[in-house]
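Engineer: So the chains spell out like this:
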Amino acid sequence: MTIRTDALPTQEMTINMGPQHPSTHGVLRVILTTDGEVVTRAVPDVGYLHRGLEKIGERVTYAQYMPFTDRLDYLAAMNCNCAWAWTVEKLAKIEVPERAEFLRVIVCELNRISSHLIAFGSYTADMGAFTPFLYAIRERERVNDLFEMLCGSRLTYNYARVGGVSADAPPGFLEKSKEFLDYFEPKLDEYNNLISYNKIFVHRLANVAVIPAEEAVAYGLTGPNLRGSGVPFDLRKDEPYSVYPKFDFKVCVGTGERGTLGDCFDRYMVRINEMRESAKIVRQALAQIPDGPVLAKVPRLFKPPVGEAYFRSECPRGETGIYLISDGSVNPFRLKIRTGSFVTMNIFEKVTRGLMIADVVAVIGSFDIILPEIDR
Amino acid sequence: MEAQAIFETLKGKFGDAVVELQGEGFSPAFVVVAPGAVKEVSRFLKEDPALSFDALMCLSGVDYKEKFAVAYHLHSLKHRHAIGMKAFLPRETPSLPTVDDVWPAANFQEREAFDLFGIVFEGSKDLRRILLPEDWEGHPLRKDYKYPDFYHGIKV
Amino acid sequence: MSSDPAHGTPPGTPAASAGPAVTGPEAHVMVGNADLFVNWARKSSLWYLLFATACCGIELMQAGASRYDMDRFGAVFRATPRQSDLMLVAGTITHKMAERVKRLYDQMPEPKYVIAMGSCANTGGPFFKDSYCVVKGVDLVIPVDVFIPGCPPRPEALIDGIMRLQKIIMQKKNYGAKA
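Chains as they are written, first to last, in my numbering: chain L, 1 to 376; chain B, 1 to 156; chain E, 1 to 179.
In silico DSS-like links for lysine-lysine, alpha-carbon gap of 30 Å or less:
| no. | chain 1 | residue 1 | chain 2 | residue 2 |
| --- | --- | --- | --- | --- |
| 1 | B | K67 | L | K303 |
| 2 | L | K280 | L | K187 |
| 3 | L | K93 | B | K65 |
FYI, nobody ran anything at the bench for these hints, they're computed from the structure. Quick caveat, the model's predicted, so the values are computed rather than measured.
All chains, full assembly: derive it from the sequences and hints.
Structural biologist: Next up, the structure:
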């Protein structure tokens, strides 16, 4: 008997994933064209959270824009706050007191930990393991408590200011941060024991959506997604800003330890390892933090000189670059925010070709995208 | 390589297509090129071994009121240097060649500039609105944009 | 002991010290108000649609996870509107999204409730004045039962909102002449 090739005819099918889908990390919509279970084309449709942050920037003053940067990436609001402050300071050439820079680095790195915790927790939940999610939130709540102590808010901090930070650390904050690190660092080994090297988990991630190094560079990937492909590029190290040169830390890169270099597992492991490095930076910053003022004298209605500046900083989801044009008035003339997630989405269609539908979820999680960064 | 040296290299190669260097007050400095030459200059910037700008970090549309501009922020992972490239466009017909075959990273950002400014990138493989709905009227980041009153019956 | 709807005791629960133990078929009979019973069942299993669009979604996630554990109130997240009783609109609704919100709401089975969580879902929040594409409140698209202020609201505020919704549910009249 011969097998008839037309016995099971397959037909291409178009499936809509999102904008309401639990594992697209927000309101991402992906239009999947599938042949059976295999994805032949996955076109991302973004913009469901486009709030016009860039237009708003042209209508408010420099100081008023700070709360909007919280909402640019709410999982790493501190990093975005500081990125905005650093950009304006670069444009206006403002000297920031050293204690303020140390505080910024401390909060940025703590926020990187809490952001990567969400990335880790929600990724494992997407992969079918709900328990690590609860572990991750348990630790994240502690970081939230620290930030609440610092600025009164759990998620949208509005802590940095042009020229420094809004308030000095309250008594006990630095000690509590150290306590948190003592508590947190052993937990990373716990995560690795719990899930990272779990056989099922590794099988879901290893060799899925491999991005070679050249391709990652050509598509403008940054942050953990670029380092997951084995490119040791970290703005904190390679284009140092703030007080990062004072600290000793390692740039974590993917090693292809369970599969091919640049697969989902590498990107996942980069984040896990980066949390350890961030903890190291916070420890050093806590040890070295000097006394002094935390806010430079900046006029309330502040007008920077005419000019254009582009400042890049390393946020948890890659490079956040702010291109700021000033015409010398109280409002920015034009402000463009280049975010890691938006640029990463560009490669999505290419890497998902030929994967299974379930792997698409693995890819979205491994990029650790966040929708307000994509849509702004 | 410093901005001045990059500018002189480009000037020597492309002549009048490279207009000027915006250095003072600009960080990083911008090389202003004629819109028609954007693709050739980009290809040279990427492929010349001494420059090798392998990453397009940021592509932004700008509305300077009397004219539009597209600003490219380039970075080289190999040499660890950065430069800006800018092309000014007339307000009436803002169009220039795409660079998405030079840097694949350009596609989404060009779509964004098209969506929010109405700048047309000729030869782009996929130029559609990206952030706003397909039937949205106007390009919101233009300085003369008037907010609509209603969209699909909901007050804006 | 009287049944106390506000504290979750099922209506019609036999009193603990009601004299000698009742045996036979009448032991399985409870007498109560049908409205109370149905409402109690509804308020105790508020399965919510995990509809996190923006910042509030993270607080929603954290409210459902380790420390705040919203499962205690019978509120469990569902991925699909077809299994949900409650739509928690957590975050900014843009004009591109508005149509989808309406469609998701239409897909939910009756009875259904909506909580608008956070300033964006209430009024447009910080984007009210200057944004061109944010819907100024989700109540322009779908009916809302409870508004929770805050940007974003704390998990405690969210839990308070859910308890207020439970009170609203308990007041519903489903049966009888005035239903």
